[in-house]
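Sequence order for the protein chains is A and B.
Its first residue numbered 1, the first sequence is counted upward by one per residue in this note's numbering.
Its first residue numbered 595, the second sequence is counted upward by one per residue in this note's numbering.
These are computed hints drawn from the structure, not numbers from a lab.
Virtual Cβ for every residue (Gly too), placed ideally from N, Cα, C.
Careful, some of the hints might be misleading.
[Claimed, not checked] Example chain B residues on the side facing chain A (calculated, C-beta under 7 Å, incomplete):
#	residue
1	666
2	780
3	781
4	782
5	783
6	786
7	790
8	792
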Amino acid sequence: MTDYRTPLADIRFTLRNIVDFDALTGLEGFAHAEPDLVDGLLDEAARFFEQVVAPTNRDGDTVGSRRNDDGSVTAAPGLKEAYRLYVEAGWGGVGFPEEYGGGNFPWTLSIAIQEMLTSANMAFSLCPLLTQGAIDALIHHGSEIQREIYLEKMISGEWSGTMNLTESQAGSDVGALATKAVPRGDGTWSITGQKIFITWGEHDMADNIIHLVLARTPDSPPGTKGISLFLVPKFLVDDDGGLGERNDVSCVSIEHKLGIHASPTCVMSYGDNEGAIGWMIGEENAGMRAMFTMMNMARLSVGLEGLAVSERAYQQALAYAHERRQGRAPGAPKGVSSPIVDHPDIQRTLLDMKSCIDAMRGLCYRNAEALDHAGHGIDDDDRRRGAQLAALLTPLSKAWCTDLGVELTNESVQVHGGMGYIEEAGVAQHLRDVRITPIYEGTNGIQAIDLVGRKLPLDGGAVVRAHLDSIGVTLADLDGIDELASVAGHLAAALDATTKATEWLLEVGSSNPLDGLAGAADYLAMLASTTGGQILADAALAARESGDADLARNKALLARFFAAHRLARVPGLRAGVESGIDDLALGRAGILAG
Amino acid sequence: MKVVVCVKQIPDPADPGELDPDSKTLRRDVKLILDESDSYGVEMALQLVDTAGEGEVHLVSMVPNNEVSGLRTALAMGAAGASLISDECLAGSDALGTAKVLAKAIAAQEPDLVLTATESSDGYTGTVPVQIAELLGLPSVTFAKEIEIDGSTAKVKRQTEAGYDDVECPLPAVVSVTAGVVEPRYPSFKGIMAAKNKPVEELTVEALGIDAGEVGWAGSRQDIVEITAAPVREAGEIIEDEGDAHERIVAFLDELKVL
Numbered sequence: 001m002t003d004y005r006t007p008l009a010d011i012r013f014t015l016r017n018i019v020d021f022d023a024l025t026g027l028e029g030f031a032h033a034e035p036d037l038v039d040g041l042l043d044e045a046a047r048f049f050e051q052v053v054a055p056t057n058r059d060g061d062t063v064g065s066r067r068n069d070d071g072s073v074t075a076a077p078g079l080k081e082a083y084r085l086y087v088e089a090g091w092g093g094v095g096f097p098e099e100y101g102g103g104n105f106p107w108t109l110s111i112a113i114q115e116m117l118t119s120a121n122m123a124f125s126l127c128p129l130l131t132q133g134a135i136d137a138l139i140h141h142g143s144e145i146q147r148e149i150y151l152e153k154m155i156s157g158e159w160s161g162t163m164n165l166t167e168s169q170a171g172s173d174v175g176a177l178a179t180k181a182v183p184r185g186d187g188t189w190s191i192t193g194q195k196i197f198i199t200w201g202e203h204d205m206a207d208n209i210i211h212l213v214l215a216r217t218p219d220s221p222p223g224t225k226g227i228s229l230f231l232v233p234k235f236l237v238d239d240d241g242g243l244g245e246r247n248d249v250s251c252v253s254i255e256h257k258l259g260i261h262a263s264p265t266c267v268m269s270y271g272d273n274e275g276a277i278g279w280m281i282g283e284e285n286a287g288m289r290a291m292f293t294m295m296n297m298a299r300l301s302v303g304l305e306g307l308a309v310s311e312r313a314y315q316q317a318l319a320y321a322h323e324r325r326q327g328r329a330p331g332a333p334k335g336v337s338s339p340i341v342d343h344p345d346i347q348r349t350l351l352d353m354k355s356c357i358d359a360m361r362g363l364c365y366r367n368a369e370a371l372d373h374a375g376h377g378i379d380d381d382d383r384r385r386g387a388q389l390a391a392l393l394t395p396l397s398k399a400w401c402t403d404l405g406v407e408l409t410n411e412s413v414q415v416h417g418g419m420g421y422i423e424e425a426g427v428a429q430h431l432r433d434v435r436i437t438p439i440y441e442g443t444n445g446i447q448a449i450d451l452v453g454r455k456l457p458l459d460g461g462a463v464v465r466a467h468l469d470s471i472g473v474t475l476a477d478l479d480g481i482d483e484l485a486s487v488a489g490h491l492a493a494a495l496d497a498t499t500k501a502t503e504w505l506l507e508v509g510s511s512n513p514l515d516g517l518a519g520a521a522d523y524l525a526m527l528a529s530t531t532g533g534q535i536l537a538d539a540a541l542a543a544r545e546s547g548d549a550d551l552a553r554n555k556a557l558l559a560r561f562f563a564a565h566r567l568a569r570v571p572g573l574r575a576g577v578e579s580g581i582d583d584l585a586l587g588r589a590g591i592l593a594g
Numbered sequence: 595m596k597v598v599v600c601v602k603q604i605p606d607p608a609d610p611g612e613l614d615p616d617s618k619t620l621r622r623d624v625k626l627i628l629d630e631s632d633s634y635g636v637e638m639a640l641q642l643v644d645t646a647g648e649g650e651v652h653l654v655s656m657v658p659n660n661e662v663s664g665l666r667t668a669l670a671m672g673a674a675g676a677s678l679i680s681d682e683c684l685a686g687s688d689a690l691g692t693a694k695v696l697a698k699a700i701a702a703q704e705p706d707l708v709l710t711a712t713e714s715s716d717g718y719t720g721t722v723p724v725q726i727a728e729l730l731g732l733p734s735v736t737f738a739k740e741i742e743i744d745g746s747t748a749k750v751k752r753q754t755e756a757g758y759d760d761v762e763c764p765l766p767a768v769v770s771v772t773a774g775v776v777e778p779r780y781p782s783f784k785g786i787m788a789a790k791n792k793p794v795e796e797l798t799v800e801a802l803g804i805d806a807g808e809v810g811w812a813g814s815r816q817d818i819v820e821i822t823a824a825p826v827r828e829a830g831e832i833i834e835d836e837g838d839a840h841e842r843i844v845a846f847l848d849e850l851k852v853l
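Given these sequences and hints, build the entire structure.
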């Protein structure tokens, strides 16, 4: 086991060179985010998450959070204290509005801090993450009174939040949900029903838990058009903000999962007795719209989990590769076992992890940067372009980074050899923890559908074409640089193949959507890998300008490595994208007939 | 009540860099952080001011460059301001040279109480606190685990090997605080934002009325003769029990002459 060390140099490099952080400070309300203050925040956040949160990760996994017979849930050892310190330090509020006690910093900085929180303990990070989603829904859709009562305590973290969508018959198909909301005649609603997979639905870390619950009002239209959003607090809140009676909501069980054991995944029951009291958020039947508001941020955060857990798994693999001696590496003296990091295949594996991690960090942070422009842009045009780029990048961040999360944590297990398969080594946990990320917050299959079905057609394809053009700009910048010639070659081929696949989807996908859906996952991998290649090329170019020879050498080699091992595969994916629906339909009728 | 806390900015012990073969001291041209052993004094000072209900905590620190990142941590914890003696001529200062500079800067603050760590985590001389007290003509209490202010008296529980001594002394006084006796708070992000605007007064040696020849390499009364790397810890011997393990262990301990 190794301790988590925040990759501060990499985080700073990404904020300064992959993201244009200076431009962010020029946006409305961000002028206070000056470089030395941002540096100070990053330093102290790093120290906090390394020292306070990272040490809880193992016990969180081995002991986990437990439901007691009375329905209460006791968080895994150490987490209650870590959460108390987290609230005291106020890290959850960095990116939220000042009027509710936040710091009003760019979301890009929040994402950097969230990376540290998630690497330190992903299961723990989900409590602030779900709270963040609930805050976001309240900011955009809550009434003034609701914002006054709830936001400050949720932004501070004194109260946590949950999102209640899923029911046993309504998973990816949210429209099938059956939880009922009936007016009580006094402006409040009586909520009845059972929700499953409610992350941190019950626990002992916060004084109150604010559940946001999707439910149907009487006579609502079927499907997603008839869903409304309700706020159901664990403890009712008095007019003066104090805690009143316990609401009729309880945790009836928690799930036994493959990973994230410290995060209690609850079955929540509403209205078993006198009826749970809820308040409607926004308008009746507009619950799905409220969900979509926060989806971009939530999906980016899940993508970030793929990055964050990979980073920790990489640190562990690198340390182990130096410590573990096996076999004689080429050129090593006879009779001496070499540290396995001297073996070319281990070097290849570790560099694959490192180059993908850099690319993922660049993608997630650029995605956050686009969200900042969308929300705080200098004019309508800047805001519109920010929103469109964020819309395009979000499924890439979510799906590509979580698929890579599984792949890279798996590589970390592989570097550990037999020990990696033994739980005591502590590296299998990362693979188990990260395995949920391609599933929740919209499966990666749904992300691919979102990309091809909703995002490519934006502005008649202009949004994706503008993004591909920006990759072309990077390509032009690589021209004539000898040590990046292979990057230019592979990036050009990947861009060409991705552009052709994009045009095929825009043309064929609109006339026959099933053909588009059939190739969606391969297309997402193409566009994301090519974007990753662009990011590492941008990093190599920026490092050349820095005057730091070591940095320039390292960033160049990571760009070359990624180009040869990942970008080079991109043209091969095109056949899958353009293969169409026919064989799938044939398979469904025959091999998959059941 | 005004409490002055001496704080040192040191290279990060988790990434300490290397020794400079010429000066035979730690290279300090890396990023510096607040010495963890000083964070206990800062925390204790903040608690004492809280208990008193009035007053402030002021930091005093010295560096050969104008590094402030470690000071910012202590300011973010809640200290009100800092005096930073920043002067190239301070490089190479020995303990007494350091104490002379700090004592002058402390005196200018007219504190009711001066807190220090028992020793720094890079130099480990452990003599600066008592030297400051002597130079200022103040009582010195060392190894405090608890401090209570009662009017113009400090009541200190002074940690010893056997337990603790109850010590009382008049204020102002210089008290060194044992590491680990309080839980230093982590700066909140709002504390970090506030620290940005807190005053850090930069002073030169000349401004303190000290001759540059008394400090740094010029004034140092110590000479570092030689530095050597700490021996690498060797792997221990593993004794497999083939029925005679107890005898071999006894023989091993006998050889060490610990029996």
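Have a go at the residue 783(B) hint: is there a Cβ in chain A nearer than 7 Å to its own Cβ? 5 Å, holds
Checking hints one by one. Is residue 782(B) an interface residue toward chain A, by the C-beta closer than 7 Å rule? 5 Å, holds
Under the criterion of a CB-CB separation shorter than 7 Å, is residue 792(B) in contact with chain A as hinted? Not OK, violated: residue 792(B) not within 7 Å of chain A, min 12 Å.
Any CB of chain A closer than 7 Å to the CB of residue 786(B)? Hint on residue 786(B): holds, closest Cβ of chain A at ~5 Å, below 7 Å.
Should the hint that residue 790(B) touches chain A count as held when the rule is a Cβ pair under 7 Å? Since chain A brings a Cβ to about 5 Å from residue 790(B), closer than 7 Å, the hint holds.
Does the CB of residue 666(B) sit less than 7 Å away from some CB of chain A? 6 Å, holds
Measuring from the C-beta of residue 781(B) to each C-beta in chain A, is the shortest one below 7 Å? Since the shortest Cβ distance to chain A is 5 Å, the answer is holds.
Agreement of hint residue 780(B) with chain A interface, Cβ distance less than 7 Å: 5 Å, holds
In summary, the structure is inconsistent with hint 8 from the numbered list given earlier, while agreeing with all the others.
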